[in-house]
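Engineer: Listed below, chain by chain, are the residues.
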Amino acid sequence: MTNVAGTAPSSGKTEQPLGPRVGRALAAVRDGLAATEIDLRLFGMLVALAAILIGFHIQSGGDFIQPANMLTLAVQASGVAIMATGMVLIIVSRNIDLSVGSIVGFTAMSYALLQTDWLPALGLGVDSPFMWIVALALGLGLGAFIGGVQGFIIAFIGVPSFIVTLGGLLSLRGSVWLLSSGAAVSGLQSGFRQIGGAPGVGGTVGGEVTWAIAGLACLAIIGLIIYNRRQRVRFGFPLRPRWAEFLLGAVGVVAVVAVAAFINANFLPRGMATEYAIEHGITEPPGGLKVSAGLPWPIILVLGVTIVVTFLATRRRFGRYVYAYGGNPDAAELAGINTRWLIMRTYILMGLLCAIAAAIGAARLNGSTLEVGQSDELYVIAAAVVGGTSFAGGIGTIPGAVLGAFVMQSLAYGLSYNGVNSPTQNVVAGIVLIVAVGFDTYNRRRSGK
Amino acid sequence: MKERGKVPICEMRHIRVAFGGVHAVDDVSIDVRAGEVMGLVGGNGAGKSTLIRTLSGAHRADSGEILVDGKPVSITNPRDAKALNIECIYQTLALADNVDAPANVFLGRELTTAFGTLDDGAMEDATRKVMGRLNPNFTRFTTPVKSLSGGQRQAVAIARAVHFNARIMIMDEPTAALGPAETAQVRDLIRQLKNEGLGIFLISHDIHDVFDLSDRIAVMYHGKLVDTVEREKVTPDEVLAMIILGKKSEEASREELAELKI
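Going down the list, the protein sequences come from chains A and B.
Using my numbering, read the first sequence as starting at 1 and increasing by one per residue.
Using my numbering, read the second sequence as starting at 1 and increasing by one per residue.
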């Protein structure tokens with residue numbers, strides 16, 4: 001919301017030793033970026049993400065960045081990314097939620113049991129094509145309910161969120177065991193399994209739909225730029241220079257098209273391509289038919305959740321109040337905001353997002369185990385914090401947290417791709433977390449924010 | 001001052017507030033008329049802020065009643081007070097530091113578009129207009145208020161009260177954090193609002209502020225109202241004696257006054 005780009009005049013000093021020419025060039029780049037009003041922090045994270053991916057690409061001998069790998073990475077990050085959007089609002093309003101991993105475990109087990117035991121016992125047969133939708137709806141409601149109960153205790157009874165959600169972490173994880181008597185449950189409906197994004201069960205939307213989504217995204221980018229300009233003209237506020245508007249639009253559209261093309265270079269497995277060929281009456285060429293798998297559902301869910309929660313956070317009263325409360329709880333209260341209901345709503349949203357993440361997790365596993373979601377709270381909090389959310393309250397962005405989730409997952413995935421064992425991955429993840437936040441703290445202090 | 005109304009626009013009667021066993025406000029009654037500034041003075045812990053916070057809805061009174069335009073009203077939270085056109089500028093300013101001036105001015109009362117989304121453009125526009133009146137030099141409408149100067153932050157807090165057409169304005173130490181130029185600006189504003197017919201409660205430590213601006217002065221001492229006096233009928237020294245001794249000026253003994261060396 002705020003323009004970070006305009007607030008770095010002091011940094012010119014530190015660049016002097018590089019020579020006046022470099023300094024001038026950097027200043028020009030910075031002024032250019034300032035004119036486009038891009039959030040420099042987000043931009044920096046994008047650069048960091050790209051650097052990580054390219055680094056692993058080089059180290060692996062040039063086969064890391066390819067569609068199949070990147071999509072797997074993105075799908076693996078999807079649950080944490082989705083939950084991180086809600087965690088931003090929780091941390092911004094000076095609370096914490098340690099229970100998200102256990103909510104995921106509990107709802108994932110509920111999805112599994114609903115489809116294998118409970119709904120069939122109620123007479124909704126395993127052969128009913130809509131049974132999984134009922135299970136999904138009940139699970140989403142369950143997640144929101146659990147979040148709501150915790151939120152109620154925190155906001156209306158006044159128990160600190162750390163304690164309430166620590167209790168939630170323990171008791172919900174224990175409840176997973178009680179639900180399933182310690183057994184893993186498997187055998188979900190094929191419709192539900194699509195949520196997991198595996199091409200083998202129809203979890204991807206195909207090349208055409210992917211292009212359609214890309215087209216909509218391009219229109220949205222252009223539409224937003226035009227809307228923003230019109231609003232400024234309406235009230236006579238300073239406008240962005242035209243070149244900056246065109247540059248933003250062009251970069252946005254090109255990026256979307258490039259990503260869509262990249263995704264569509266991931267093809268269906270051989271067997272499915274053959275089926276597709278038979279269905280559509282195409283004779284398969286000798287090398288096998290190349291049919292784009294398209295976007296997996298988890299990535300569509302990440303995009304959708306990011307857009308919706310960003311909208312809530314920046315364009316609705318709810319979000320404005322969450323940030324204002326984080327900045328000064330007394331001010332929010334004195335402004336007449338119903339702060340208790342506000343805090344409770346952040347937890348309801350968090351629970352709902354956990355249930356979405358749980359659906360992806362259960363669908364990918366084709367069931368649930370006792371461990372689903374374990375330690376997720378740590379990754380989710382790490383993603384939010386790496387994404388620039390401050391524990392002091394009032395500061396944090398949704399896209400930042402989503403990027404944070406992808407940065408952390410890229411590190412884990414890239415390291416394991418290059419044969420680094422999992423304890424070492426944790427060492428790296430921990431150090432990156434501290435370095436990222438340390439860098440951020442240093443920057444904020446220097447720019448006086 | 002001549003156009004001062006006869007009927008109080010706002011009356012607080014027999015207000016009591018207790019924290020634990022301590023009576024922060026003990027059976028205090030004050031009122032303000034339209035176009036009048038009611039000064040409220042007293043030492044630290046006299047109960048001025050607590051009294052006034054029951055009027056702004058920040059605190060609930062344990063007993064007593066509040067009347068607006070002669071009718072009893074119920075104020076249980078800040079929304080109730082705002083609905084009655086009672087606006088309060090708190091000593092702490094009550095600003096959300098991490099959001100910008102328009103967001104603070106409209107906090108809790110945001111303008112929205114037909115789709116229910118925040119109309120930031122309209123809010124910034126309105127804030128620019130009201131700021132043009134209060135502090136024409138103010139230009140930083142899109143930076144978090146944290147990075148503004150004390151005077152600018154004060155202007156944002158005042159803009160919030162002024163924009164929503166307050167009829168009853170409460171100002172708790174409005175000049176405490178300001179430099180001389182800004183203090184003069186706030187004083188001009190108080191006179192201007194008074195001429196527009198608002199009823200203003202002015203809380204201040206600064207006896208000179210109060211004497212310059214108030215029409216009547218209420219003195220509090222340890223939670224109780226000492227007296228309410230017409231400004232024209234007292235001297236600053238008499239008021240000071242009431243603040244320190246907690247007695248009406250005619251009740252104070254010669255010895256006590258002598259001890260104050262006034």
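Treat the hints as calculated values from the structure; they're not laboratory data.
Note that beta-carbon positions come from the ideal geometry of N, C-alpha and C, so glycine has one too.
Treat the hints loosely; a few may be bogus.
Said to hold, decoys possible - Under 7 angstroms between C-beta atoms, here's a sample of chain A residues computed to sit facing chain B:
1) Val233
2) Leu301
3) Arg317
4) Tyr323
5) Ala324
6) Ala331
7) Ala335
8) Gly336
9) Ser390
10) Gly394
Unchecked claim - Simulated restraints, written as ranges between beta carbons of each label pair:
11) B:Ala184 <-> A:Ile307: 45 to 53 angstroms
12) B:Ser149 <-> A:Asn421: 32 to 40 angstroms
13) A:Ile307 <-> B:Leu111: 30 to 38 angstroms
14) A:Arg94 <-> B:Ser149: 20 to 28 angstroms
15) A:Val159 <-> B:Glu256: 50 to 58 angstroms
Engineer: Which hint numbers does the structure go against, in order from smallest to largest?
Structural biologist: 1, 2, 9, 12, 13
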